[in-house]
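Q: Sequence:
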Amino acid sequence: MTQSRRDIRAAQQSAGKGRTQRAGGGNGNGRTGAGASFDDGAGGGRTGWKKWLLGTLKWGSIAAAVLLVLGVVGVVIAYNKTSIPQPNQLANKQVSIVYYSDGKTELDRIAVQDGNRESVPLSKVPKFVQDAHIAAEDRTFYQNNGISVGGILRAIKTSITGEAQVGGSTITQQYVKNYFLTQDRTITRKAKEILISVKIDGQLSKSEILEKYLNTIYYGRGAYGIQSAAKAYFGKDVSKLNPGEGAVLAAVINAPSLYDPANGADAKANLTKRYAYVLDGMVQEGWLSAADRAKYSEVPKIQPYKGNKFSSGPNGFITAQVKSELLGTGLTEQDIDTGGLRIVTTIDKKDQAAAIAAMQGNLPKQVTGGLVAVKPGDGAVVAMYGGADYSKSQFNTSTQAIMQGASNFKPFAVLAAVRDGVSTKTKFNGNQPQDIAGTTITNFGGRSYGMVDMRRMIGRSINTAFVNLNNTITPALTRQAAIDAGIPERTPGLDTTLTNVLGTASPHVIDMATAYSTIAAQGVRAKPYLVKKITSTTSDFSYQAKPETRRAFDKDVTADVTDAMTYTVKDGGTATKLQRLGRPIAGKTGTSSYAKSIWFSGFVPQLAVSIGMYKPDAKGNPQTLTSSEDTNLTGGTVPADVFYDFMKVALNGMEVQDFPARVGVGDDKIPTPTTTFAPPTTTFTPPPTTTTQAPTTTTQAPTTTQLPTKTNGTGKPQPSTTQPSITIPLPGPSPTSTKPGG
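Start counting the sequence shown at 16; every next residue gets the next number (my numbering).
Among the hints, erroneous ones may be present.
Lysine-lysine pairs mimicking DSS-like chemistry, simulated, CA-CA at most 27 Å apart [to be verified]: (1) Lys139 x Lys390; (2) Lys119 x Lys283; (3) Lys192 x Lys119; (4) Lys364 x Lys310; (5) Lys142 x Lys207; (6) Lys283 x Lys255; (7) Lys142 x Lys283; (8) Lys684 x Lys663; (9) Lys542 x Lys585; (10) Lys246 x Lys407; (11) Lys310 x Lys288; (12) Lys380 x Lys592; (13) Lys365 x Lys663; (14) Lys390 x Lys570; (15) Lys207 x Lys251; (16) Lys283 x Lys251; (17) Lys192 x Lys390; (18) Lys561 x Lys390; (19) Lys119 x Lys684.
Derived CB-CB ranges, DEER-like [as the list claims (entries may be wrong)]: (20) Gly328 x Asn257: 35 to 43 Å; (21) Asp281 x Thr120: 31 to 39 Å; (22) Arg505 x Pro631: 18 to 26 Å.
Simulated from the structure, these hints should not be mistaken for lab results.
For every residue, glycine included, the Cβ atom is placed at its ideal position computed from N, Cα and C.
Kindly generate the complete structure, drawing on both the sequences and the hints.
A: Written out as structure tokens, the structure reads:
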């Protein structure tokens, strides 16, 4: 047969060629003959291309048809071989575990409690709540066969290109993925999802699928299933939900961390938009009347989030902070809660236990506070105390509470000055009271110190001398030094007023720890972090932290500033008790006006620690801290005690290292002070044996003829900044006290 067809084609071609030749030869004209020859050649060429093209198309079509048949056969075989797996076969592996820095010792677990997965029959779920979920996630639910072709194509593209994950899965697909499969984002897993979805759709009714979906989908707040979600968001049984509340729950399942208003203003705005999208979809599908839609134009009130019950005690704050960081890696809340993650933190077990013991062992009644310990030059948080019990209050006193920084800010003025070429041996007027650029300044304890250099200014926390320094270098430079060290630019109160050097800004404890660690790391600023490593038992996801660092100050600058900060611990300083640690310590105490916040922040070369405390009233506003009826607390009391107790444990076994030697930046340009000052005269009346008479204090106003002149290396004096006249209240004990503070 093959030979016969070939012979026939050859005969046809021969006959055609003969006809062409006869037509050309019969003309009898040489030109025409030449033309005939040309036509023959051209015609033959066209016939060759046509043959090739037709042949290619024919065999290509045959090949495509074969592949299509094989593909269909393959799909049929795969479909028949695919079995629906048992639900929860990975349940034991889905619990995410948080470890201490050793990677072996368990710190906490992120898991789903039995009470957070409560199943209910579909008949108990109001119809409008069912409709809200369909309007939000799959408006073709009742028409499709369990899959979305468009969604599948987008998923394949995402898997190939590595682009951000997009939605598009049907309700059936979501149920299959969440209930039967892992969270891997691969083509293989997607193929299984498709086949199982089609099979499920063929075996179960739409009502059965919807019921199973509503009982397994994740809503955030640790709630799996519509019943748990109704209680988590509205504190009621699912049967009691109204259309607006149903629309809220339908809206949040798209991305709970992005739509739960408990996560901040942005999440609240996101929810408002998606809430409207859900209700509008219900109207478009005929499931809700326009009149009823108008009744629910505002997002219903949602109850505050009470936190994950698995996280309690002080370590609950660690878990919450870890979870926040995990969301920043691209993981979803569901990935974290059920993805079988193994999370290794930077938290050192010994140091964390020491932080908890030091805080809880020293905090007076009704006083709260935070502690953060950071590795300088790396940013790893080795210990963090954010509160006594996360299950009772989710407010983290280390990362969320803001407290006036008080004298903890003074080193930033020294940083700014030395960076600008001013020696730490430069002397400033430390007497009090003083009127500086229209502002009346006093010292803690009402004491005058004469002309003092920056090292003793830090050691004794002398307000007047620091305001003189700030007036000389300008408050803007102090503010910028604080920002460069690690204080966020948007910190409340971080301005360029003359008294910013006294700590009028209110940072978080973790911000202060970051800033002090920059000085400890010889000018290298590092972003703080708690998550060191992540692996998963249910997917191939992995993560390894990389410290984010940059140089903020020259080594010479921080060497001189560190040297000055050691005077806080030396004799005459505000925290001499820390000499008991038996190694070089640099730091600064801090006591705000009326002692509404108290601090101690300090470091050794290998570890920086910040401790801040305050006493909130019923509304959370800070109140004056008192340890008894007549004695105010200061940064040199309880915070320094906490620092000592913590460091005594944390430094055990750690090599004793010296700080870099003082370089002497600007020593060759120290100005000669020409300020004259009449020190105040204080007269005391000896108390009688039975009654106490208040001391009488008379003060002669200072006369300042000239402040030390700083030239910035240009020979031109720095202009002073005039500030409005304000009076800085005298913090702490009676003005007759001679005890240094702040």
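Q: All hints, please: hold or fail.
A: Checked hints:
Between lysine 139 and lysine 390, the direct Cα distance comes to roughly 54 Å. Violation of the 27 Å bound is thereby established for this hinted pair. Between lysine 119 and lysine 283, the direct Cα distance comes to roughly 38 Å. Violation of the 27 Å bound is thereby established for this hinted pair. A hinted pair counts as satisfied when its Cα atoms are at most 27 Å apart, and lysine 192 with lysine 119 does not qualify at roughly 31 Å. Distance hint between lysine 364 and lysine 310 is unfulfilled; the C-alpha atoms sit about 54 Å from each other, more than 27 Å.
Simply put, lysine 142 and lysine 207 have alpha-carbon atoms about 31 Å apart, too far for the 27 Å limit, and the pair is violated. Distance restraint check for lysine 283 and lysine 255: the Cα-Cα separation of roughly 23 Å lies within the 27 Å cut-off, and the hinted pair is therefore satisfied. Distance restraint check for lysine 142 and lysine 283: the Cα-Cα separation of roughly 26 Å lies within the 27 Å cut-off, and the hinted pair is therefore satisfied. A hinted pair counts as satisfied when its Cα atoms are at most 27 Å apart, and lysine 684 with lysine 663 does not qualify at roughly 40 Å.
The straight-line distance between the Cα atoms of lysine 542 and lysine 585 is roughly 30 Å, outside the 27 Å bound, and the hint therefore fails. Our distance criterion of 27 Å between C-alpha atoms is met by lysine 246 and lysine 407, whose separation comes to about 18 Å. For the suggested pair lysine 310 and lysine 288, the alpha carbons sit about 17 Å apart, so the restraint of at most 27 Å is met. Only pairs whose Cα atoms come within 27 Å are accepted, and lysine 380 paired with lysine 592 is accepted, the gap being roughly 23 Å.
Distance hint between lysine 365 and lysine 663 is fulfilled; the C-alpha atoms sit about 11 Å from each other, no more than 27 Å. In summary, the hint linking lysine 390 to lysine 570 is supported, as the alpha carbons are separated by about 17 Å, within the 27 Å threshold. A C-alpha spacing of about 37 Å is found between lysine 207 and lysine 251, which places the hinted pair above 27 Å, so the restraint is violated. Proposed proximity of lysine 283 and lysine 251 is supported: the alpha carbons are some 21 Å apart, at most 27 Å.
Distance hint between lysine 192 and lysine 390 is unfulfilled; the C-alpha atoms sit about 41 Å from each other, more than 27 Å. This hinted pair checks out: lysine 561 and lysine 390 have alpha carbons roughly 14 Å apart, not beyond 27 Å. Under the criterion of a C-alpha separation no larger than 27 Å, the hint pairing lysine 119 with lysine 684 is inconsistent with the structure, at around 56 Å. The hint said 35 to 43 Å for the Cβ distance between glycine 328 and asparagine 257, and at roughly 37 Å that hint holds.
A hinted range of 31 to 39 Å for the beta carbons of aspartate 281 and threonine 120 is consistent with their spacing of about 36 Å. Checked against the given bound of 18 to 26 Å, the beta carbons of arginine 505 and proline 631, roughly 22 Å apart, stay inside it.
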